[in-house]
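Colleague: Given the structure of chain W, go ahead and fit chains H and B onto it with the hints provided.
Protein chains in written order, with numbering that gives the first Met the number 0: chain W, 0 to 234; chain H, 0 to 233; chain B, 0 to 286.
Read the hints as simulated data drawn from the structure, not as lab findings. Note that the structure is predicted; figures quoted are calculated from it, not measured. We put the CB at the ideal spot given by N, CA and C, even for glycine. Worth double-checking, as some hints may not be accurate.
One-sided and incomplete, this derived list gives chain H residues near chain W with beta-carbon spacing under 8 Å [said to hold, decoys possible]: (1) PRO26; (2) VAL226; (3) TYR230.
As a list, the in silico DSS-like pairs of lysine-lysine whose alpha-carbon atoms are at most 27 Å apart [claimed, not checked]: (4) W/LYS12 <-> H/LYS127; (5) H/LYS67 <-> H/LYS10; (6) W/LYS154 <-> B/LYS158; (7) H/LYS154 <-> H/LYS66; (8) W/LYS116 <-> W/LYS168; (9) B/LYS158 <-> W/LYS116; (10) B/LYS119 <-> W/LYS116; (11) H/LYS66 <-> H/LYS225; (12) H/LYS182 <-> H/LYS154; (13) W/LYS168 <-> H/LYS182; (14) W/LYS154 <-> W/LYS116.
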Amino acid sequence: MLTVEAIHTYYGKSHILHGVSLEVRPGEVVGLLGRNGVGKSTTLKTIMGLIHPTEGRIVFEGQPIARTAPHRLARLGIGYVPEDRRIFRLLTVMENLRTGLDRRGVTEERRNILLDKVYQSFPVLAERRYQAGGTLSGGEQQMLAIARAMMLEPKIILLDEPTEGLMPKMVAQIREIIGLLHRESVAILLVEQNVPLTLEVSDRIYIMEKGVVRHHAAAAALRSDDSVIHQYLGV
Amino acid sequence: MRFGGLTALNKVTFSLPAGEIRAIIGPNGAGKSTFFNCVTGVLPPTGGRIVFSGEDITGLPPHRISKKAIARSYQITNILPGATVLENVRIAAQSRHHSWSLFRHHRAFGDLIDRARAVIQAVGLAGKEDELAANLSHGEQRHLEIGIALATEPKLLCLDEPTAGMSPAETQETMTLVRRIAKDLTILIVEHDMQVVMGLAQRITVLHYGEIIAEGPPAEIQRNPKVLEVYLKT
Amino acid sequence: MAEQLLIQLLIGLSSGMILALVASGLTLIFGIMDVVNFAHGELFMLGAYMGTTVLVTTGSFWLALLGASVAIALLGAALQITTLRPLVGRDPLTTILATFGISLVLQNYALWQYGPVARKIQEPITSQFQFFHIQFPWYRIVIAILSAAIIGALWLFLKYGKYGIWIRATTQDRIMASAMGIPVPLVHTAVFAIGSAMAAASGVLFGPLVGVNHAMGLDWILKAFIVVVVGGMGNLGGSILASLFVSLLEAFASLWVSPAQAVIVSFVVLILTLLFRPTGLFVPTPK
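Isolated chain W, as found in the complex (with noise of 0.2 Å):
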């Protein structure tokens, strides 16, 4: 569903993603591992266009995207929740979620429909839903962001270090969220740090290291044999 083949980014001079290729095929989760500062970011970012790769090729159900606009992106269902959440602090929850469920072709009732199944999964955005984003906590914000891009109903959802600065009992709601988008066949592109939870939650993982996917493999291979990841991302 979504191929990324030997993509080079550059930050100004700087080099940063040296020929990066990875694919995630429907429904998948697939996790993306790596110490600071080898790209994973940089890879969802050149995915969602926010950064333009200068080589490679990026391919999303047969249409190539290297060069296309973000908006045009999330109205093709490719979802994006950011390192830093970035959910628009000065507008309320509700509204938040409008700017993903105000798209030509959904009726009044889908997004009725749309706004109580993300009530329900995430009752604290429900208590809080007149509130402005700037006013919760660092864990319901991260719950917003995933939320607001699931208003896209999005086909993929490119997430990034979801569980960042997060407490242990935020983190197991973000499994949750995991496998809930996973039940209902909503591909995931994972970045994280947080090796456990991306063995668990994964069905294949890739390791980065300065820019490149260095290894490759069925999250249940690496479940059992972690030297790889000791490698990768130890010390």
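Modeller: Just chains H and B now, with coordinates in the frame of chain W:
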């Protein structure tokens, strides 16, 4: 070091003997940048002291720190893109030896130029002296950055992620460069690239949530269970 | 004395509301796309000229107001698409130069098209009312109310309208707005059009009070810029409060000095704001 309610560095006690190459590592948000910024005078610490060569330098602004022979390279390069390599390094060298005379022609600073050339040689940019800094490759620009820091004749050189955005080849060159200049210097490096860290550092300090959780030679750090736990979150 | 203060209060409030209308468009545009629109005064001026044309053809002031706003909105959209969209992401200096260039072109176009002789727009309501010992024109009150109404409508649209959320989201974080499927380039064009329409409307409303000429924009635009900075760039509420604040100060100041000198007040306020609360008087200072 407190930022409002956030304690970025919690009673960090750190000592670096002369001549050592020390790397600081740690997961995201561990406080590496904050530590660096405190030592190099970019951020005054909210508590505690920093002593360098027997002198208390706590809270001194960056230009005074530079006079105390501490130099730093930056992640976002600080070179002057419109000037040549030689000019960039010469200007840095001048900062240590300037006189207030308005009447000496700039070419009279022959001394300075020789010094600048020596530094350019040391960072492997010999032959590119008259090249505009903006035209250098990324790796060469970062080496120039190190050269500029070197030109201020520091005793302590602080390098902030020197190999970020570099190709494997450039990374190797940077490692060779650092080994070459390390002979008369004390070096403090913040890095994410473990190969670089393991290859260069004589000792490593590991920060996590603003505290030092381990310190020691590379082999020890690699075996330290606390460090592994922090990096792999197992 | 009291009645003089009250008269000045009335003058200050009514001028303040018109200034607020001009400034709102300016701050809206800056807030969402970081463009300092140096052509805003020319849009104001062309709005007034358009108003004269429509007035002459239809005889109705209100049609002139509507027609000018729509026409200039379209002009604004066209300008944004052709000259500003290609400059997205570049050094902000380039957009400043671009809008400055547009302002020069528009000024000279007006001179060429309409000639150097000032034109007159007849105000729709010429009656006056007795306010203490002076005759105060109703029209000034009407403009103040209309400006307030237009700004009020804008505020309601932003807060509750379907596309109002798009505009607010794009103003806060254009990258995430894009990631949520909001067509950011289109939103930018729409906001520029709205800002232009507001400038044009101010031009038509203010036309009867001065004369419509190709340089009428300059005076007001300078004040509008000052007020936008004082109120906090991009802060709609702030620019409205600042407009009223500055206009009232000026009105009261002209009790003691001549009105021409009272203008200094706005500059003093500007300098003080930049010195002590550079993000805006009515904006909490970030720590």
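Colleague: Does each hint fit the structure? Answer for all of them.
Modeller: Going through the hints against the structure:
Residue-level restraint check for H/PRO26 holds (minimum Cβ-Cβ distance to chain W is 7 Å; threshold 8 Å). Checking H/VAL226 against chain W: minimum C-beta separation of about 6 Å stays under 8 Å; hint holds. Among the interface hints, the one on H/TYR230 holds; its C-beta lies about 5 Å from the nearest C-beta in chain W, closer than the 8 Å criterion. For the suggested pair W/LYS12 and H/LYS127, the alpha carbons sit about 18 Å apart, so the restraint of at most 27 Å is met.
Using a Cα cut-off of 27 Å, the hinted pair H/LYS67 and H/LYS10 holds, with the two alpha carbons roughly 24 Å apart. About 31 Å separates the Cα atoms of W/LYS154 and B/LYS158, which puts this hinted pair outside 27 Å; it is violated. Restraint check for H/LYS154 and H/LYS66: satisfied, since their Cα atoms lie roughly 11 Å apart, inside the 27 Å limit. Between W/LYS116 and W/LYS168 the alpha-carbon distance is near 22 Å, which keeps this suggested pair within the 27 Å criterion.
A distance of roughly 25 Å separates the Cα atoms of B/LYS158 and W/LYS116; the hinted pair therefore holds under the 27 Å criterion. Of the supplied pair hints, the one linking B/LYS119 and W/LYS116 is violated, its CA atoms being roughly 60 Å apart against a limit of 27 Å. With a C-alpha separation of about 38 Å, the suggested pair H/LYS66 and H/LYS225 falls outside the 27 Å cut-off, and the hint is violated. Taking the CA atoms of H/LYS182 and H/LYS154, the gap is about 11 Å. The hint holds against a cut of 27 Å.
A distance of roughly 50 Å separates the Cα atoms of W/LYS168 and H/LYS182; the hinted pair therefore is violated under the 27 Å criterion. Between W/LYS154 and W/LYS116 the alpha-carbon distance is near 17 Å, which keeps this suggested pair within the 27 Å criterion.
Of the numbered hints listed earlier, those contradicted by the structure are 6, 10, 11 and 13.
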